[in-house]
Amino acid sequence: MRKHTLTLLLMMALVAGCGDGKIPVADSPDTGGSAKGDFGPPQGDPVKAILTSPPHVPPPTGRSTPAKVIVELEVIEKEMAISEGATYTFWTFGGTVPGSFIRVRQGDTVEFHLMNAPDSKMPHNIDLHGVTGPGGGAASTFTAPGHRSRFTFKALNAGLYVYHCATAPVGMHVANGMYGLILVEPPEGLPAVDREYYVMQGDFYTTGRYRQKGHQPFDMEKAIDEHPTYVLFNGSEGALTGDRALAAKVGEQVRLYVGNGGPNLVSSFHLIGEIFDKVWFEGGTRFQENVQTTLIPAGGAAMMDFHIEVPGSYILVDHSIFRAFNKGALAILKADGPENKLIYSGKEVDEMYLGDRALPNLAAVTAAAAAAKAGDLTTEQQIEAGKVLFAGTCSACHQGDGRGLEGVFPPLEKSDWIAKDIRRVPTVILQGLQGKVTVNGSEYNSVMPPMNQLTDDEVANISTYVLNSWGNPGGRVTKSEAAEIRRTSTQAPAEH
Amino acid sequence: MCQPAALLGLLLACSSSVAAETSQWVDLPGGAFRSVLELADSPLGTGIAPFSMTLTPVTNRQFLGFVLAEPRWQRDRAPTTLAEARYLSHWVSATELGNNALPDWPVIWVSWHAANSYCRWQGGRLPSWNEWEYAAAADSTRFDARDDPAWRERILAWYARPSATALPSVGLGTPNAYGVKDLHGLVWEWVDDYSALLVSSDNREQGAADQLKFCGAGALSTSDRDNYAVLMRIAMLSSLEAEYVTGNLGFRCVRSP
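Protein chains in written order, with the working numbering: chain X, 6 to 501; chain C, 138 to 394.
Among the hints, erroneous ones may be present.
[Unchecked claim] In silico contact screen, one side only, chain C against chain X (beta carbon under 10 Å); selected entries: (1) Thr302; (2) Trp325; (3) Met373; (4) Gly384.
What the hints contain is simulated information worked out from the structure, not anything from laboratory work.
Note that the Cβ used here is the ideal one computed from N, Cα and C, for glycine as well.
Generate the whole structure from the sequences, applying the supplied hints.
What follows is the structure, given as structure tokens:
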């Protein structure tokens, strides 16, 4: 009954809205685009645009009439950290990656000044995707080191737009960090929120490997092959983590302005633990509601709103997820405030579960764990415990019968490869295995990740089980041997 | 500081020493050269006539000799239409170098007009783009190292870094296969026909560019889009006007036999 009344009220509000001439966006066919974006000549004194460094966003323009807005942006080439202990020569708009955030209103006349710092090595220019006109300003702003260019445009289309350098070689200028965002507010502005942040993804190509220390030059070959060393939010690993994490409070409405500078990759932008209440996808006029992951193309942008109910750390990732965990595409939004256990309880139960494969033998693991605490296990106890763990961890690939899958997962049954050196079993469990191996006459070439989440006990028990099963030569791996292998394997180089 | 008589003496002294300084020319044999730029009127490459090139970029010491001999090129006399206001602004005065311009450092903050006049004063001229690229294609052992990715990468590394620190002296680098030094890794260098490198200032206009505005001379496109170092030289030169000066742009001279 009460719900019914509310619906009625809402409908009335909508009708009233129409009467005011404010048509709800969802009901209108379109906004008219650039053809209806010219609100006449600028009024009042020229306004100097407030430019902000990421992750900050300038305040709303708050204007209801078109103005002349002066934007002064300086190109600075500078060395900055790309990761801890690793530096890179970034080319920047305003000294940061991404460049300064620019905020104007639809219908504004923008007088744009591009300055190229005197110690720049390169000429630069700017193409703003929010500009109507060939090149987006690129040819008009081509500027030698130590010089300044100016051009003027009228911002006819509302939206969130990428800007970037378009000087040859364009890909390299973009790969070095030359991009940012310009927001052209619709005439009525955007809905008010409690906090706004500016985040931009980019891919980076260095001659050294991921996290290699020292100064890292640009790698042209990797860039052309589209094999980035880093995929980053706001230009460096850790730009938005730790003390520099984005901050918000429970109960607040937060908006992110997210761009993707590329040069190559498309972002599957996702905020772990939140659902975007609204996404103005592609940075345009319409919003979608209740979105988990939004696609942001290279040279594109999106705005997203969400309301924070539960405190904690929310992680921004490119959900092409290796980029998040192996190339740096990770940022954190930290929300403070009171817990709300009715919405999110936190962990209520934490106990072992091994599925039906393990049920009859769970007792063996428990016994083994107890025995391990008391002292060393017998070989038989290790085999029993290892069998259960094998079923839970290893059988998905190597199969429950140890026969593997021909051509994909090597067999452990009567394995001549294991027989050559039984220490290979615990070593591979802890270090993983990558590249060609020949087992029982067949060649395998795939990747087993290190299983170093297993304890020394578990590694010893699984290894002993494998060695004593399926016609393998027998033997035993002790906890201390597993510990020794772990110790030496962590000293091995991270990449080879 | 300069009294007329003293200045005259200084002039004579400097002129003679400069003549000795700039006598280091390196002969290059010339020949067929595959330019990365496809000129509309020479699609099959370019013939380079034999020429001589200065061993190094022109130094502050050498350029000081020039402005003493040709006072109209002193920074307080050269019109801004020929050299913008920052021309030689790193010198302590119009006729003294000072600590920001040591004698053996390459001269920078020089306009095309000033560089061109210097070379003419030396009985030479600025190198053409093709002559410069021909000489610069060599590494220390090969006459044409342009296809070597490692060599490209080294050159690119220099282009990719800003020039916020003081320049080293000329002549410290290893000579290339022709015996020329410092073509890479020290300063950008003017070329005679830089303004004919009419690559669109918006690099993405390919084919659709208004080729008529280029007077038919430089309907260029680049055949080697992987060679970023060359693209960057073209971009740099094409951003310039003849009166421009920058803090990392110098020059050297050539002459024909």
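Against the structure, the hints:
no.: 1; hint: Thr302; verdict: holds (9 Å)
no.: 2; hint: Trp325; verdict: holds (8 Å)
no.: 3; hint: Met373; verdict: holds (6 Å)
no.: 4; hint: Gly384; verdict: holds (5 Å)
Figure legend: structure checked against the earlier numbered hints; every hint is met.
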